[in-house]
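*Asks:* Can you make the complete structure from the sequences, with help from the hints?
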Amino acid sequence: MAAAPTTDTVTISINDVEIEVPKGELIVDAVKRLGLEIPIFCYHSRMKPVGMCRMCLVEVGFKQPDGSVRKMPKPQAGCTLPASEGMAVYTDTELVHKDRRGVLEFLLINHPLDCPICDRGGECPLQNNTLFYGPSTSRFIELKRHLPKAFPLSRYVTLDLERCIQCGRCVRFTEEISGDAQLAFRFRGANMQPTSFQLTEFESKFSGNVIEICPVGALTSTKYRFRARPWDLETKPAICTVCSNGCSVWFDYRVGKFVRLNGRVNEAVNEEWTCDRGKFGHDFYNSPKRLLAPALRKEDALRTANWAEAYAAILEAFEPGGNAVAALTGPMVSNESYYLLQKLFRGVFRSNNLDHRWTRHLSAASDRLESKMGMPTVATSIEAFEHKSAVLAIGTSLADEEPILFLRLRKAWFKNGTKVVVACDRDTDADSFAHLVLRYRPGTEMALAGGLLAAAVESGRATVPDPVREDLKRYSPSAAASATGVPEDRIREAADILGPNAAIVTTHRLLDVADAQGTLEYLAGLAMCLRAEFNLYALGANDQGALELGIHPELLPSGVALADAEAAAEVGRTMGIEIPREPGLGTHELLRACADGRIKALWLVGCDPFALHADRDLVQRALEGVEFLVVQDIVETEATSYASVILPMLGPAEQDGTYTNMERRVQRLRQVIPDAGDAKPAWRIFAEAMLRAQPQTPFFSAEEIMEEIARVAPAFEVARYDRLGHEGTRL
Amino acid sequence: MAETKLLLEHAHDPSYRTLDGYLAKGGYAGLKRALGMDRQAVIDQVKASGLRGRGGAGFPTWIKWNGIEKDKHAPHHFMLCNADEGEPGTFKDKQLMEETPFLVIEGMTIGGYATQADTGYVYIRGEFVDAARAMRKAIDEAYAAGYLGKNILGSGYDFDLHIHMGAGSYECGEESALMSSLMGERGMPRLKFPHAPLPTVAGLWDLPTVINNVETYAVAPFILERGGEWYSTLGASTKNSRGTKVFSVSGHVNKPGNYEIDFGTTLLDLFALAGGVKGTLKACVPGGSSVPMIDADACSKAVIGYEEMAEVGSMVGSGGCIVLNDQVCIVKFIWRTALFYANESCGKCTPCREGTRWLLQILERIVKGNGQPGDKELLLEICSQIDGRSFCGLGDAAAWPVVGAIKAFPQEFDYYIANGRSMVESDLVLVG
Amino acid sequence: MSDVYKSVVKPILAGFGITRRRLMQRRKKYADVTVQYPDELREQYPRTRWRHFLTRYDNGLEKCIGCSLCAGACPARCIFVEAAENTDEARFSPGERYAVRYEINMIRCIFCGYCQDACPTGAIILRKDFELADYRREDFIYTKEMLLEEYPGQSEEPFESKVGGVYVNG
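Residue numbers (our numbering), protein chains in the order written: chain A, 4 to 734; chain B, 0 to 431; chain C, 92 to 261.
Because the hints were derived from the structure by calculation, they are not lab data. Heads up, a few of these hints could be off.
[Said to hold, decoys possible] The calculated DSSO-like cross-link candidates involving lysine-lysine, where the alpha carbons are at most 27 Å apart (straight line), are:
| # | chain 1 | residue 1 | chain 2 | residue 2 |
| --- | --- | --- | --- | --- |
| 1 | B | Lys4 | B | Lys238 |
| 2 | B | Lys191 | A | Lys77 |
| 3 | A | Lys226 | C | Lys235 |
| 4 | A | Lys147 | B | Lys375 |
| 5 | B | Lys367 | A | Lys147 |
| 6 | A | Lys208 | A | Lys35 |
| 7 | B | Lys406 | A | Lys101 |
| 8 | A | Lys74 | B | Lys191 |
| 9 | B | Lys191 | A | Lys26 |
| 10 | A | Lys66 | A | Lys101 |
| 11 | A | Lys301 | A | Lys260 |
| 12 | B | Lys406 | A | Lys77 |
| 13 | A | Lys74 | B | Lys31 |
| 14 | A | Lys101 | B | Lys69 |
| 15 | B | Lys375 | A | Lys77 |
| 16 | B | Lys69 | A | Lys77 |
| 17 | A | Lys226 | A | Lys260 |
| 18 | B | Lys69 | B | Lys31 |
| 19 | B | Lys191 | A | Lys414 |
| 20 | B | Lys367 | A | Lys101 |
| 21 | A | Lys35 | B | Lys191 |
Since this is a predicted model, take the numbers as computed values, not measurements.
*Replies:* What follows is the structure, given as structure tokens:
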């Protein structure tokens, strides 16, 4: 709702029922308090009301001192009218019904009524409103307006101008929410039509949302086009696992096959929006390259095998254990699976050779900001950004890396005037609303971070220990300016903007730059000095969960360092295993060890090193060098051709599990579609492998694993399945 | 009753278009007096004059001026002049800007002084190139002589005046659409009170804004010069209309043109001023094409005044009086009017966007001889669905003429629909 | 006593009377009641609802637009439709959309005719062919190729018995 929250209330009457509502609440929202509905097309609660479609006309009057009601001469649009004292609204009079019929008749005279072939047919607000409020016949006998059908606005969005009712929702979305203002109306009157400028491609990173908010079938998804009708589809709540934002979505499927994703309301995360990467990025479920049965390399060829053979081969190869075995993981695996993987490796294979990180810089456990500076690296929730006074986004293009955070940041700027400083070595979408843009030369992140800290120190707003002060002399604002190419006054201004209610945002992308450690320490120091919050957000769907749950050569679940012998032993006791003392190797070392032949067996869980690692050559040597390679994945990748054993893994929506997003919010994803072929959930694969190695009671469900995780890592206590709320819970 | 020349007194004198000529004819006396007065006193003068907006709606001008915050908190106050005169039949603002530009500038400066405005914009219709040129020349002269800009006439009051050319959309004559257009947005109307604050609170760029018609501003110098009391004696015979009004008389009269008359003059006197009606009077659209048409009988009874015209079922509007004689086919006339509104609808709201097109389609069908029984009733029904339901006044303006014509001349519609040809045998050709 | 006679005995005797009358009738009359299927077929009523057909326009284009409304209306959920887009090179139906897959599970179908009612183009109609028995369950999935008439108007022709029966008047 657009009006600012206020404690003032006013008494209005709706259909002669008196009700107290916040002052300024729009009538269209106020009537919902009585369970009534005013039909709408153009109104959207997350955008400014415009009153274009006139569907929401109601009769409005004002209470006179003598108790009678004096009605306004004209019906008023309920979607733009703020409630004020003594207002009397009538939503059910003969006049209102006549007006609704009138508006619907107008809307339908030029609508093609091709509902049978329209993707929106069956879930169409125009259909619904016509059914409830509209005339049953039309008196229109003239020629309808004819316009291009199925015009491709972009590779994702198809525009059918005949169906358009010119409500402007799409145009307003691109202006108010996504901010790229890629759509606009052209022409006027009955010829008015929404299009991209000069018919250029509609290249918003959030274009999929306009498909959902279109109240008719004018904007349809190119991918979903003609794929199904709404009544063919089944729908279940799910979360998107393409990036670390963890958006709530509706997962639509037909006869067990994924069909499309729609945004689901989750005020804490994505409100109701989705990004194109997530909305259109779930093709792997239906990929022709899906792995459906285990395969075993026999005589230089991969042959389909059964699970028993696969497990036997794996256990034999991993038998040496210790430093001779290793595992690398990708981001799209559940918390439960990560936990079991590390338990399998530490408990059964007696190895700490585990890693989930693929960035150039891998912080050693002692270098982590948490242990070194006592600075948490995830502090701000997505929701909290709305009320930040200033935000510094550095080294990241938010719209690409954290798209939903980008939308929230834009909303903060749009609604609350948050000052956003964007520091990046290239143009980003956030530049459009940035208060300040710091465009530094690639590779000079550290100089900029140091310059910012030095500027804060110089202005007297931050105090640092003397050694740091000495160290910062290298990066006085003027020195930083000449190193980075950012004007000195901008560096000073940026440092001035930050303060106690500010947040610094960066992502794991920053770990790919030179001097990543130094940059991070300066940024964390800057945040610490100014009492701002510092955030180093993960990029993959469950990267944060992998870190929390010990997919790390030096860290155990709940972040206990291996070096802390006592605590590590305690974690081991809770897990019921003995933790191997020797620290494992990080990803790069590990791949080198594979190439050298020091590591005999490597297990790849849901990752393609060729796609994730920067050094292709190293990856190739590693995969060729390692004697035994297990590739466990959802779809065939480049790495599968090197595999000794292929284990088919189920996708996130095909199994029960939880995922930790970049703000440390654990959300549950229940199984939506049936198992694909012979594939199994990752956690079950690890559980079965453990069972075969050591007799024990296996885990039968993901829920049981979470119970154990909660005991081992107390932070996950709130993530037990019976406590996980609808919006998930932050650790 | 004779023509009272106030605004148009020196209109035909070319020297009046220069600052010297204007000063020679007593120009800027009003501003000089105003600058010597208290701001509130200026508004009180306008209140005493009974001046009502000349753009069509007839809203008391002083209320707008008085609605601006008295202590200037906002960074800017704006004075807007609506010179986007697009109403068919109205051409008074064009003449006022071309021939008496200083009246408008002086009026805006007076208004600006009263409301502490620092910036004024004259939003001129795109087609009015000559008017814009004349205004530009006058503004430049006024700047050079210190009648605009910093410290006007040594009073310490600063006022800048800019010209903005529209792009020819009728809708931009609607005040909120005009502001949208001026701000660089699409020329579509914005939410109005009670849905949003009044322009006097949050108008242009959400800052306090006064917006008046060209003629309203042009009157202000006379009110300030001679006093509001004096002005209110003009047209005192009417209920609530004061002063003079410029009417653009066109159509079947012998001397079409702009005529300035006191309120209280009869419509027939106005026709007589314009050289009398050619042929037999059949109907008249008294206030620009958007007001309902009245027949000859009503014309003979009509007295010009805001309330008086309402009594005969029409409006003063913007003063574009279109006179029709018995050679005119009303159905074709209304078809041409509907064509205008269907073209000019901005497309924002459903009733106007779809309704105007539908009205046009039906009328076109009737004019082509394919009318069907029930078409007349359907037209009335569609109009009732547009009138009062549209976002801004354009929808109403498109519906009223149709309703007015059908009420005044139902037999012509019945005949055309039944016989497929006009009731009026005439050589007149309407181009659409 | 007379009550028992009137309400029990008399109706029973009257019933036997009908049996007796039928027994007395000539043999030819039996033929009128009992149709000797499969040698003979009874003419079906005009609005009989049996086997489905997907019909064509006179120009040969399919009427079905793949809208799935039949599947939505089907109370037995036995219709599966998958749609695709027509191109100018490969045009199956007028307009943008056509059914690339259209399947009816004849075992599940209850022949209610709702699909025919729901169809916006009159593409699917239920006709008089009632000889739907088959040997394998898979054969009861009628595909689009089976359902589609080969030429416009085929579905309107009287059906030919697959077991060699000839029509008799009912």
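*Asks:* Decide, hint by hint, whether the structure agrees.
*Replies:* Each hint tested on the structure:
The suggested pairing of Lys4 (chain B) with Lys238 (chain B) holds, with an alpha-carbon distance near 22 Å, which does not exceed 27 Å. Among the hinted pairs, Lys191 (chain B) with Lys77 (chain A) is consistent with the structure: their alpha-carbon atoms are about 13 Å apart, no more than 27 Å. This hinted pair checks out: Lys226 (chain A) and Lys235 (chain C) have alpha carbons roughly 24 Å apart, not beyond 27 Å. The straight-line distance between the Cα atoms of Lys147 (chain A) and Lys375 (chain B) is roughly 21 Å, inside the 27 Å bound, and the hint therefore holds.
Simply put, Lys367 (chain B) and Lys147 (chain A) have alpha-carbon atoms about 18 Å apart, close enough for the 27 Å limit, and the pair holds. With a CA separation close to 33 Å, the supplied pair Lys208 (chain A) and Lys35 (chain A) exceeds the 27 Å bound. A C-alpha spacing of about 22 Å is found between Lys406 (chain B) and Lys101 (chain A), which places the hinted pair at or below 27 Å, so the restraint holds. Of the supplied pair hints, the one linking Lys74 (chain A) and Lys191 (chain B) holds, its CA atoms being roughly 18 Å apart against a limit of 27 Å.
Taken as a hint, the Lys191 (chain B) and Lys26 (chain A) pair is honoured in the structure, with Cα atoms around 18 Å apart against an allowance of 27 Å. Distance restraint check for Lys66 (chain A) and Lys101 (chain A): the Cα-Cα separation of roughly 24 Å lies within the 27 Å cut-off, and the hinted pair is therefore satisfied. At roughly 33 Å between alpha-carbon atoms, Lys301 (chain A) and Lys260 (chain A) are farther apart than 27 Å, so this suggested pair is violated. Between Lys406 (chain B) and Lys77 (chain A), the direct Cα distance comes to roughly 22 Å. Compliance with the 27 Å bound is thereby established for this hinted pair.
In summary, the hint linking Lys74 (chain A) to Lys31 (chain B) is not supported, as the alpha carbons are separated by about 46 Å, beyond the 27 Å threshold. Straight-line distance between C-alpha atoms of Lys101 (chain A) and Lys69 (chain B) comes to about 45 Å, which puts the hinted pair past the 27 Å bound. A threshold of 27 Å between alpha carbons decides the hint, and for Lys375 (chain B) with Lys77 (chain A) the separation of about 24 Å falls inside it, so the pair holds. A hinted pair counts as satisfied when its Cα atoms are at most 27 Å apart, and Lys69 (chain B) with Lys77 (chain A) does not qualify at roughly 32 Å.
Between Lys226 (chain A) and Lys260 (chain A) the alpha-carbon distance is near 14 Å, which keeps this suggested pair within the 27 Å criterion. A C-alpha spacing of about 21 Å is found between Lys69 (chain B) and Lys31 (chain B), which places the hinted pair at or below 27 Å, so the restraint holds. As the CA atoms of Lys191 (chain B) and Lys414 (chain A) are separated by approximately 25 Å, the hinted pair is consistent with the 27 Å bound. At most 27 Å may separate the alpha-carbon atoms for a hinted pair to count; Lys367 (chain B) and Lys101 (chain A) exceed this at roughly 31 Å.
Simply put, Lys35 (chain A) and Lys191 (chain B) have alpha-carbon atoms about 24 Å apart, close enough for the 27 Å limit, and the pair holds.
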